[in-house]
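Colleague: Top line first, the protein sequences correspond to chains A and B.
Using full-length UniProt numbering, the letters of the first sequence correspond one by one to residues 1 to 487.
Using full-length UniProt numbering, the letters of the second sequence correspond one by one to residues 1 to 487.
Hints in this document: simulated from the structure, not taken from any laboratory.
Computed from a predicted model, the values in this text were never measured in an experiment.
For every residue, glycine included, the Cβ atom is placed at its ideal position computed from N, Cα and C.
Treat the hints loosely; a few may be bogus.
As the list claims (entries may be wrong) - Here are some chain B residues pointing at chain A (derived, C-beta under 8 angstroms):
1) 107
2) 150
3) 412
What the hints assert, rightly or not - Only pairs whose alpha carbons sit at most 27 angstroms apart, straight line, appear in this in silico DSS-like list of lysine-lysine:
4) B:388 - A:415
5) A:176 - A:221
6) B:392 - A:104
7) A:117 - A:143
8) A:415 - B:110
9) A:415 - B:104
10) A:110 - A:140
11) A:108 - B:104
12) B:415 - A:110
13) B:122 - B:104
14) B:122 - A:104
15) B:450 - A:104
16) B:330 - A:392
17) B:104 - A:122
18) B:122 - A:450
19) A:237 - A:176
20) B:330 - B:465
21) A:330 - A:104
22) A:110 - B:450
23) B:415 - A:108
24) B:176 - B:237
To be verified - Coverage of chain B stretches by chain A, computed from C-beta distances (three or more under 8 angstroms per stretch; other residues unrestricted):
25) 34-40
26) 299-309
Here is what each chain is made of, one letter per residue.
2 protein chains.
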Amino acid sequence: MEAAGAPESSEEPPVRDRLAGMQKGNSVCSRSYFVVVMVFVHVYILNVIALLLYVYYSNGGQNDADTAGGPTAATTAAPEHRAHHRQEDTGGPHSYLPRLEGIKVGYKQKIELVNNKMHDMKTLSLKPLLFEIPNFLSEKECKFLIHLAQLKGLQASQILPVDGYKEAMENLEISKADIFNLLDHNQDGQLQIKEVLTHSRLGNGRWMTPENIREMYAAVKADPDGNGVLSLEEFKKLNLRDFHRYLGNREVTMNDLVRNSQHTWLYQGEGAHQVLRSIRQRVIKLTRLPAEVVENSEPLQVVRYDSGGHYHAHMDSGPVFPETACAHTKLTTNESSAFETSCRYVTVLFYLNNVTGGGETTFPIADNRTYEEMSLIQNDIDLRDTRKHCDKGNLRIKPRQGTAVFWYNYLSNGKGWVGDLDEFALHGGCLVTEGTKWIANNWINVDPNKARQLWFLQEMARYAKDDHESQKEWTVDKSYKDIHVDL
Amino acid sequence: MEAAGAPESSEEPPVRDRLAGMQKGNSVCSRSYFVVVMVFVHVYILNVIALLLYVYYSNGGQNDADTAGGPTAATTAAPEHRAHHRQEDTGGPHSYLPRLEGIKVGYKQKIELVNNKMHDMKTLSLKPLLFEIPNFLSEKECKFLIHLAQLKGLQASQILPVDGYKEAMENLEISKADIFNLLDHNQDGQLQIKEVLTHSRLGNGRWMTPENIREMYAAVKADPDGNGVLSLEEFKKLNLRDFHRYLGNREVTMNDLVRNSQHTWLYQGEGAHQVLRSIRQRVIKLTRLPAEVVENSEPLQVVRYDSGGHYHAHMDSGPVFPETACAHTKLTTNESSAFETSCRYVTVLFYLNNVTGGGETTFPIADNRTYEEMSLIQNDIDLRDTRKHCDKGNLRIKPRQGTAVFWYNYLSNGKGWVGDLDEFALHGGCLVTEGTKWIANNWINVDPNKARQLWFLQEMARYAKDDHESQKEWTVDKSYKDIHVDL
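Can you make the complete structure from the sequences, with help from the hints?
Modeller: Structural data, given as structure tokens:
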């Protein structure tokens with residue numbers, strides 16, 4: 001076989017002669033040069049082909065490799081890697097949202113948030129996927145944030161209910177039987193107290209407790225047999241105006257509300273103070289979410305709970321149905337919907353001080369085997385009540401200055417994007433029994449509708465490129481301008 | 001600055017002249033050829049550099065990109081992707097073990113196990129990560145496996161205890177106070193029945209129930225006050241020989257054992273029947289684990305439970321400590337250890353028939369919030385007992401012909417490899433009350449010590465390349481040759 005290639009080279013003069021011949025005459029010159037050029041051309045082509053093949057294979061190009069036939073390692077091990085790359089690469093870098101691994105409760109991992117400094121991160125629960133990172137902020141940074149918030153001024157997170165609701169209720173065109181049916185969760189023809197409690201909107205911002213309900217029943221003589229249960233007959237006999245009159249006349253204090261705290265918002269975008277910028281960068285590193293997703297999220301919320309303050313257990317974001325709009329992407333899509341929620345994929349909560357008494361963050365049903373609203377809210381004990389029942393929840397986090405906790409309010413959709421609301425993410429702020437509690441919240445907004453989120457990011461990038469005047473009209477921070485005065 | 005390079009080219013003749021000159025005389029010839037060669041050399045070098053850069057960047061080489069400085073999307077979004085690639089790529093394709101996402105209990109996803117056919121996969125629990133895939137096997141395949149197993153012949157999975165144990169126990173040089181201390185789990189100075197039950201080895205293959213313990217106490221008069229609790233004083237007064245005599249004289253049937261079933265092993269490697277090969281290929285696609293990991297795992301175990309058969313709740317694999325050896329990698333590492341386990345990362349269980357009565361697979365503590373051995377084993381109810389308490393477990397899977405269920409016996413270590421044992425993976429086979437139950441098990445063996453697993457795979461690949469004679473000595477299947485007769 002070698003004979004086919006050999007004759008040519010055997011006709012050539014020995015190497016030394018050829019090299020010498022290159023300087024010699026015309027015919028030798030052209031032949032030598034031809035050989036040199038040809039060698040270069042071939043080496044060049046071979047190298048390009050080899051590199052192209054390398055690029056092809058290292059980028060997962062063997063999509064059609066048949067894995068069913070042979071048991072060899074190299075070909076059959078690859079498909080999953082390729083699938084993974086493909087999944088991540090579809091539609092650019094921000095179309096895949098990485099999710100941290102919790103492994104198991106108590107699992108500790110090291111993370112690098114700033115160069116050359118390692119932080120510990122501990123898994124606190126898997127449902128929701130919840131982590132704790134001590135010393136995320138320095139004492140100085142915590143104090144700076146409190147100071148900045150105080151300079152800016154805080155406002156009540158919730159105000160006392162107004163009368164509008166009463167009139168609205170009175171004008172409601174809905175029969176008593178229908179109201180009864182809506183409230184009768186288990187459809188047993190009886191209204192248990194816990195069924196009334198689950199409809200927290202009935203309180204119109206007031207937090208309703210089993211005692212409240214019993215007092216109200218007594219005041220309007222709703223439950224003559226006093227068994228705490230309303231039958232349809234008892235309900236029909238009621239005069240709803242009596243209810244409203246009772247609610248209207250009852251004195252309401254801040255402690256009776258769902259939330260008793262004050263808060264303000266701190267801008268973190270370009271041009272913000274270095275501490276605020278740096279926190280945002282650390283949040284990007286912590287969550288591993290695309291930077292532009294984090295950069296286009298809500299500003300930092302700083303919250304103060306005075307002694308006696310609380311926030312009953314709640315979800316930071318709502319369930320998502322096809323017709324639900326997200327507050328942040330609504331800016332660019334111009335869609336309006338009866339259902340709107342804040343689409344907060346991730347909550348990062350920072351403790352800015354050590355609280356003298358109380359003020360823990362509670363996750364009453366974290367890691368429960370199943371989610372049952374009705375086991376959460378009993379006739380006598382409502383686990384969502386953070387003024388009374390924080391001690392009965394599954395998980396409580398004690399505030400420690402500088403510590404960050406973060407969790408996912410939504411599950412994955414199994415395709416690298418936001419899926420269903422994680423009901424186990426229910427959480428609240430326990431009663432502050434002594435001293436003041438300062439925290440800050442960073443919410444990372446992602447629209448579960450991927451196309452809308454990508455469009456939103458694209459538009460935001462486009463406006464950021466335009467001049468600063470037009471940009472100002474469009475940043476998410478600016479949508480908070482009614483509650484936000486630049487410092 | 002351009003002037004420095006320009007003069008030379010301005011001295012050159014116009015392009016047409018030069019091209020014409022190439023065919024002309026001696027001096028022109030050598031100069032033209034020189035130009036051509038130089039152009040090729042430069043183009044070649046530039047192309048190689050460009051391709052190398054492309055390879056570098058597309059493989060995630062920008063490790064040192066500074067993400068802390070700017071808010072732009074393109075640079076800051078990328079690190080996680082790069083990290084992901086890096087993680088997967090370290091040490092070749094089999095050094096990263098993908099893990100499926102469970103999302104939440106009840107979550108359904110479509111998977112393609114054979115070309116152009118989709119299967120449904122449902123998440124049954126997150127702790128352990130457990131999935132169910134109906135119609136994984138066809139009815140024909142199920143019947144084939146049963147037929148093959150019958151042809152080959154099955155043997156008892158566990159045999160009745162022998163006397164050796166009795167003598168071994170009698171020769172044990174350990175004081176009664178030390179035995180008491182070992183058994184006294186909560187160190188309260190009293191032996192509760194559940195504390196005796198947790199030490200299942202005391203039974204030497206016999207399954208011990210609270211009733212057994214009470215009968216035994218009564219027979220040897222161990223518990224004069226009859227409160228079911230032994231104090232150290234009561235324990236010291238005992239004659240251990242009485243215990244052994246009692247245990248030795250008691251009639252033991254198969255139903256008293258931990259496991260009452262028969263099984264055999266079916267070879268699935270190269271040259272095996274197409275049905276067995278095809279099942280292995282589907283398992284590779286299902287688990288997305290590297291093919292060579294699956295190919296070098298245990299053969300298929302086919303198990304028959306007759307009416308009255310059971311398998312009390314157990315773990316398919318043991319905990320792993322640094323000194324623990326894996327049965328499969330021991331073949332190549334030649335390490336021996338007092339601790340050895342089968343290192344079954346994944347269990348794939350196939351139901352081969354519909355069982356007339358009973359025979360469910362139970363996961364008594366699946367998705368429990370916490371794992372507490374002592375809440376699993378009570379003084380009166382031992383949730384591991386699949387003859388009596390299957391109805392009280394968290395999760396029960398009814399056998400349906402062709403359905404596969406699979407779960408991870410180990411957690412992830414957070415770095416794409418096998419981590420700690422998942423204690424929630426405890427499972428058993430409920431009592432078959434009527435008819436026969438046929439199942440098959442595929443275990444995927446992975447050494448939690450990554451270096452040992454990679455060495456094992458490398459050695460297996462090397463031996464597979466050698467001639468068939470030497471290969472036969474080394475396949476894992478062959479390590480089962482004492483219990484395996486080729487069909």
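Colleague: Take the hints in turn and mark each one as holding or not.
Modeller: Verification of the supplied hints:
The beta carbon of residue 107 of chain B is positioned within 8 angstroms of a beta carbon in chain A (closest approach about 7 angstroms), and the interface hint is therefore held. Evaluation of the residue 150 of chain B hint against chain A yields a violated restraint, the C-beta minimum of about 27 angstroms exceeding 8 angstroms. Interface restraint check for residue 412 of chain B: the shortest CB-CB distance to chain A comes to about 6 angstroms, inside 8 angstroms, so the restraint holds. For the hint linking residue 388 of chain B to residue 415 of chain A, the alpha-carbon distance of about 42 angstroms lies beyond 27 angstroms, and the restraint is violated.
Taking the CA atoms of residue 176 of chain A and residue 221 of chain A, the gap is about 17 angstroms. The hint holds against a cut of 27 angstroms. This hinted pair checks out: residue 392 of chain B and residue 104 of chain A have alpha carbons roughly 25 angstroms apart, not beyond 27 angstroms. The hinted pair formed by residue 117 of chain A and residue 143 of chain A meets the criterion: a straight-line CA distance of about 21 angstroms does not exceed 27 angstroms. With a C-alpha separation of about 12 angstroms, the suggested pairing of residue 415 of chain A with residue 110 of chain B holds against the 27 angstroms cut-off.
In summary, the hint linking residue 415 of chain A to residue 104 of chain B is supported, as the alpha carbons are separated by about 14 angstroms, within the 27 angstroms threshold. Taken as a hint, the residue 110 of chain A and residue 140 of chain A pair is honoured in the structure, with Cα atoms around 23 angstroms apart against an allowance of 27 angstroms. Using a Cα cut-off of 27 angstroms, the hinted pair residue 108 of chain A and residue 104 of chain B holds, with the two alpha carbons roughly 23 angstroms apart. Between residue 415 of chain B and residue 110 of chain A, the direct Cα distance comes to roughly 12 angstroms. Compliance with the 27 angstroms bound is thereby established for this hinted pair.
Under the criterion of a C-alpha separation no larger than 27 angstroms, the hint pairing residue 122 of chain B with residue 104 of chain B is consistent with the structure, at around 9 angstroms. Taken as a hint, the residue 122 of chain B and residue 104 of chain A pair is honoured in the structure, with Cα atoms around 22 angstroms apart against an allowance of 27 angstroms. Taking the CA atoms of residue 450 of chain B and residue 104 of chain A, the gap is about 20 angstroms. The hint holds against a cut of 27 angstroms. Of the pairs offered as hints, the one joining residue 330 of chain B and residue 392 of chain A is violated, with about 49 angstroms between alpha carbons and a cut-off of 27 angstroms exceeded.
A C-alpha spacing of about 22 angstroms is found between residue 104 of chain B and residue 122 of chain A, which places the hinted pair at or below 27 angstroms, so the restraint holds. Of the pairs offered as hints, the one joining residue 122 of chain B and residue 450 of chain A holds, with about 24 angstroms between alpha carbons and a cut-off of 27 angstroms not exceeded. Pair hint residue 237 of chain A plus residue 176 of chain A holds up; C-alpha atoms about 10 angstroms apart against a cutoff of 27 angstroms. Under the criterion of a C-alpha separation no larger than 27 angstroms, the hint pairing residue 330 of chain B with residue 465 of chain B is consistent with the structure, at around 20 angstroms.
With a C-alpha separation of about 37 angstroms, the suggested pair residue 330 of chain A and residue 104 of chain A falls outside the 27 angstroms cut-off, and the hint is violated. Distance check on the hinted pair: residue 110 of chain A and residue 450 of chain B sit about 20 angstroms apart at the alpha-carbon level, within 27 angstroms; holds. Distance check on the hinted pair: residue 415 of chain B and residue 108 of chain A sit about 12 angstroms apart at the alpha-carbon level, within 27 angstroms; holds. Distance hint between residue 176 of chain B and residue 237 of chain B is fulfilled; the C-alpha atoms sit about 9 angstroms from each other, no more than 27 angstroms.
Using a Cβ-Cβ cut-off of 8 angstroms, 3 residues of the segment 34-40 of chain B lie near chain A, which meets the minimum of three, so the contact claim holds. Here's how the segment 299-309 of chain B fares: 0 of its residues keep a CB closer than 8 angstroms to some CB of chain A, so the rule of at least three is not met and the hint is violated.
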